[in-house]
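Protein chains: 2
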Amino acid sequence: MEQTPLYIRVHPNDNVAIVVNDGGLGEGAVFADGLRLRERVPQGHKVALADLAEGDEVVRYNVVIGYALKPLPKGSWINEHVIRMPSPPGLEDLPIATTRAPEMAPLEGYTFEGYRNSDGSVGTRNILAITTTVQCVADVVQHAVTRIKAELLPKYPNVDDVVSLGHTYGCGVAIDAPDAMVPIRTVRNIALNPNFGGEVMMVSLGCEKLQPERLMPPGTIPIAAAVDDVADIGDVALDQNGDVVVLQDESHVGFQSMITSIMKMAEGHLKRLNNRRRETCPASDLVIGVQCGGSDAFSGLTANPAVGFATDLLVRAGATVMFSEVTEVRDGVDQLTARAANADVAQAIIREMQWYDDYLKRGGADRSANTTPGNKKGGLSNIVEKAMGSIIKSGNSAISGVLSPGEKVNQKGLIYAATPASDFICGTLQVASGITLHVFTTGRGTPYSLAEVPVIKVATRSDLARRWHDLMDINAGTIATGQSSIEEVGWELFRLMLEVASGRQQTCAEKLGLHNALTLFNPAPVT
Amino acid sequence: MEQTPLYIRVHPNDNVAIVVNDGGLGEGAVFADGLRLRERVPQGHKVALADLAEGDEVVRYNVVIGYALKPLPKGSWINEHVIRMPSPPGLEDLPIATTRAPEMAPLEGYTFEGYRNSDGSVGTRNILAITTTVQCVADVVQHAVTRIKAELLPKYPNVDDVVSLGHTYGCGVAIDAPDAMVPIRTVRNIALNPNFGGEVMMVSLGCEKLQPERLMPPGTIPIAAAVDDVADIGDVALDQNGDVVVLQDESHVGFQSMITSIMKMAEGHLKRLNNRRRETCPASDLVIGVQCGGSDAFSGLTANPAVGFATDLLVRAGATVMFSEVTEVRDGVDQLTARAANADVAQAIIREMQWYDDYLKRGGADRSANTTPGNKKGGLSNIVEKAMGSIIKSGNSAISGVLSPGEKVNQKGLIYAATPASDFICGTLQVASGITLHVFTTGRGTPYSLAEVPVIKVATRSDLARRWHDLMDINAGTIATGQSSIEEVGWELFRLMLEVASGRQQTCAEKLGLHNALTLFNPAPVT
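Protein sequences, first through last, are from chains A and B. Per the working numbering: the first sequence = residues 898 to 1424. Per the working numbering: the second sequence = residues 898 to 1424.
What the hints contain is simulated information worked out from the structure, not anything from laboratory work. Hints are not guaranteed to be accurate.
Okay, the calculated bits of chain B under chain A, using three or more residues with CB under 8 Å as the criterion [unchecked claim]: (1) 1029 to 1039; (2) 1068 to 1081; (3) 1251 to 1261; (4) 1400 to 1414.
Pairs of lysine-lysine residues, derived as DSBU-like cross-links and limited to a Cα-Cα distance of at most 30 Å, are as follows [unchecked claim]: (5) K1046/A with K1408/B; (6) K1168/A with K1408/A; (7) K967/B with K1274/B; (8) K1168/A with K1046/A; (9) K1161/A with K1274/B; (10) K971/B with K1273/B; (11) K1161/B with K1274/A; (12) K1046/A with K1274/B; (13) K1046/B with K1408/A; (14) K1161/A with K1408/B; (15) K1258/A with K1258/B; (16) K1046/B with K1046/A; (17) K1052/A with K1408/A; (18) K971/B with K1274/B; (19) K1274/A with K971/A; (20) K1161/B with K1408/A; (21) K1052/A with K967/B.
Here are the simulated distance ranges between beta carbons [to be verified]: (22) N1307/B with E924/A: 36 to 42 Å; (23) A1047/A with D919/B: 37 to 43 Å; (24) G1261/A with E1000/B: 42 to 48 Å; (25) S1399/A with H1366/B: 45 to 51 Å; (26) K1258/A with N959/B: 40 to 46 Å; (27) D1146/A with G1017/B: 43 to 49 Å; (28) R1111/B with T996/A: 54 to 60 Å; (29) K1046/B with T996/A: 55 to 61 Å.
The model shown is predicted, which means the values in this text are computed figures rather than measured ones. From the three backbone atoms N, C-alpha and C, an ideal C-beta is built for every residue, glycine too.
Generate the whole structure from the sequences, applying the supplied hints.
Following this line, the structure appears as structure tokens:
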């Protein structure tokens, strides 16, 4: 059976639209409004709705995403080869906090079952995380974690998992360079993620640059599991300074003694974590990070708008929501500064954009380094178009705060957490910033996940959701075909977040035991 | 029983020497020559052998490692707080190929049992390596490798191991930036390491920037296992272009189908690898990388000189030896350019130093970012002193070639493979350059190892060798106490290399199953 030719135009001012049909449409296909394709257009790609002369603006999302490189009669396929990318908006003369966010009624009565910590933060999982000060110890810790999971974890049924926070920082790096604070605070703040209940334990080599006291200066560890009954813990040290196993310590004779030290220290923390209990918490205690990866032209039509709707629900409920990915908002910086809650927030957004512009320039690159072969195959002609579809995840609320890469969040509402767009680096930095649940949209498909917080994956297309049935948690592809609305999928996602946060439902990746290694952002040199 | 106070002066012109005694020596200790300590000096730290006035040169290895910041009477403790570091040597007016390498007789008759490949290269292990084009697939591949090792590897007893070549590159990076060729060629050349027998298989996501054909352009895979009998392989593709599993391929329905695809492709390669057989090869077929990490003041007195002696043996035997670590030779660049076999080699050394100077400067750092708290505790006052002890690993031969980071070696003799000094990055780049065996010296101690090639670890001190008895393969600490000579330990290391290369002996790390994750050098920006 032939599918009826179908396109989606996002904004009435757009002069291009997206072909929806699976497999695309051939030359001569005629849409309901009489538009006739002059050539084959793949699914997700753009068709010209009007005759474009050379140099004419190509408009999608009511934004100029490029200029026609040649005459493009209506019905033509519009792709990266026939349009020229515009210059990025300058960082001067931007609108500052000019947009009044739409009135949105508070959303009350939604709760989840979380692990409340003594500093008020709330975890969604109960995980023993072992911090590493340096890459040298990573494999030893991994050996220990394997044994802890096999031999100790079964004795502490209230603990969900044991995770090694391995990374490639800590030595062989210019640790006093101006930008070194980014990876250092990232490693530090990950250890303080609410899912770990304040139970910081570290494994250090001994001679590394990132010494334990540099990673965790006294007073760094403010949170602790709200545990009343610790009487049965025995001789376990209960101070709040974190504990450190140093492999070069003279007490270690042979490899086994290192493993034994780590396991012994881990057991003390497991005992305390095992006393954590879930309690009913308002949705305002959620800290959610949103991200997209492996995007296609449907990302901005289906999954990201649904996430944006859910973002608004969360902000209405008083929660914290972070969106990120500098190069994927750079071309919409004017939208962000306009939506800033106040001038300070707008200036902080500009500061982060400027920092990243400079960072890319130092390395001989610019924002156009974003967009992948897969993005283009999926219909995204350039970073401008990709960015417009990416920003939609942030919904319509005012932006109430800005974080530099790896900084810890300390406020509610919609937060711009400036990070690279690399899925892995963005996720790692959001974990450092304190998210307890992550939402990830994808059109091309990726097995992306995190060990530290649950990741809900949203497919932009039904075909992907069907094929990757055990890797995708939600299918937003039904929005493209009209089977469901943005609002419906947004509510579905919001409700699923509460279920997953409460531990009543596992994500696909949790069921499969899939997760990425942490990937730090180190803009400073290695040595 | 009191130990007799003992120091080691490296060169007759030196005005400082190293305290050898375990635990150091207290104020008032008197050496055989009558020198009396004016204060406590820890083991491995320097004592002034003459009265130094403020501004006087402090000389070790016959090189000025600093200038006295205050009067330092003989018997004083000389450490990083009392000396000022010299400026690095300029990169102009260097001696170019001025030093004639000492006459060294060819060393003949030494052999090992290796896996010869059809391009003439020889592996020391028989490993199935699965290349990843992008970090997105890393955990899926790891899941597959676990199953391959459990279910398939036992059927192919001639194959030593299955290794996932995971890394954090491939997407979310400025892949067209000028410096992006470094990580790209590194991933490519690792896949071509002689230990993998030319059996290149890749796992790709599909939408990533580093597409399989970009990673491995046609004709990239020149080597192949010298296998005569492949009749029993059945329907396995035998072309030499490498094979790719693409997770986003439409044939994949669900996670299990991805694992099945990888396992099926892996089995084809396992069948071919299983036909490899060791044969007797001359020592000239060895490609050895040398490195030091977690160094102390004994590194330049014991382990590194022994490695340097073994390096000379290898060069005499016609083998290839790489030394690396730019910031750890930068202060001795004049020694390297002088030892260059010809002017082209000297200019290539200068080019690599200049590139790294610029790279560090862009990030607001310089060579002094090298040296760790552990180096300093171990007696190394600054990078100048550390570098002088590090260069010694290269022995006395002429330098016959230079490699930029991640380039593949194609010649014999002593090669300067320019890499960062980070243990992990240096090791990863040397694997890309084609080493089949790695020698690593350490004074403070590190569990460092590699999955791709065996790593022989050499302790600089007996105390470390004793405590880390199952992590250290050779103890060079006996040199400091006169129990053995540099020559003796050098020969011991040379013989052990032949044993390990032949698979007759496993390294400590191999026995424990310890290895680092690969760590790429990406001097270009992420996006």
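Status of the hints after comparison with the structure:
With 6 residues bearing a CB less than 8 Å from a CB of chain A, the stretch 1029 to 1039 of chain B meets the requirement of three and the coverage assertion stands. Remark: the stretch 1068 to 1081 of chain B is confirmed as covered by chain A, as 9 of its residues place a Cβ nearer than 8 Å to a Cβ of that chain, reaching the required three. Restraint check on the stretch 1251 to 1261 of chain B versus chain A: 5 residues with Cβ-Cβ distances below 8 Å, three needed, restraint holds. Evaluation of the coverage hint for the stretch 1400 to 1414 of chain B: fulfilled, as 6 residues show C-beta separations to chain A shorter than 8 Å, against a requirement of three.
A hinted pair counts as satisfied when its Cα atoms are at most 30 Å apart, and K1046/A with K1408/B qualifies at roughly 22 Å. A C-alpha spacing of about 25 Å is found between K1168/A and K1408/A, which places the hinted pair at or below 30 Å, so the restraint holds. Between K967/B and K1274/B, the direct Cα distance comes to roughly 21 Å. Compliance with the 30 Å bound is thereby established for this hinted pair. Of the supplied pair hints, the one linking K1168/A and K1046/A holds, its CA atoms being roughly 14 Å apart against a limit of 30 Å.
The hinted pair formed by K1161/A and K1274/B meets the criterion: a straight-line CA distance of about 28 Å does not exceed 30 Å. With a C-alpha separation of about 21 Å, the suggested pairing of K971/B with K1273/B holds against the 30 Å cut-off. Straight-line distance between C-alpha atoms of K1161/B and K1274/A comes to about 28 Å, which keeps the hinted pair within the 30 Å bound. Restraint check for K1046/A and K1274/B: not satisfied, since their Cα atoms lie roughly 36 Å apart, outside the 30 Å limit.
Restraint check for K1046/B and K1408/A: the C-alpha separation of about 22 Å stays at or below 30 Å, so the hint holds. Restraint check: the Cα-Cα separation between K1161/A and K1408/B comes to about 24 Å, which is no more than 30 Å; the hinted pair holds. For a cut-off of 30 Å, the pair hint linking K1258/A to K1258/B stands: about 15 Å separates their Cα positions. This hinted pair checks out: K1046/B and K1046/A have alpha carbons roughly 20 Å apart, not beyond 30 Å.
Pair hint K1052/A plus K1408/A holds up; C-alpha atoms about 21 Å apart against a cutoff of 30 Å. Restraint check: the Cα-Cα separation between K971/B and K1274/B comes to about 21 Å, which is no more than 30 Å; the hinted pair holds. Taking the CA atoms of K1274/A and K971/A, the gap is about 21 Å. The hint holds against a cut of 30 Å. Between K1161/B and K1408/A the alpha-carbon distance is near 24 Å, which keeps this suggested pair within the 30 Å criterion.
In summary, the hint linking K1052/A to K967/B is not supported, as the alpha carbons are separated by about 60 Å, beyond the 30 Å threshold. Under the hint 36 to 42 Å, the C-beta atoms of N1307/B and E924/A, about 51 Å apart, miss the expected range. At about 39 Å, the beta-carbon gap between A1047/A and D919/B stays in the expected band of 37 to 43 Å. At roughly 47 Å, the beta carbons of G1261/A and E1000/B sit within the given window of 42 to 48 Å.
The hinted range of 45 to 51 Å is satisfied by S1399/A and H1366/B, whose Cβ atoms lie roughly 50 Å apart. The hint said 40 to 46 Å for the Cβ distance between K1258/A and N959/B, and at roughly 44 Å that hint holds. A hinted range of 43 to 49 Å for the beta carbons of D1146/A and G1017/B is consistent with their spacing of about 47 Å. Against the hinted window of 54 to 60 Å, the Cβ-Cβ separation of R1111/B and T996/A comes to about 42 Å, which falls outside the hint.
With their beta carbons about 56 Å apart, K1046/B and T996/A fall inside the hinted range of 55 to 61 Å.
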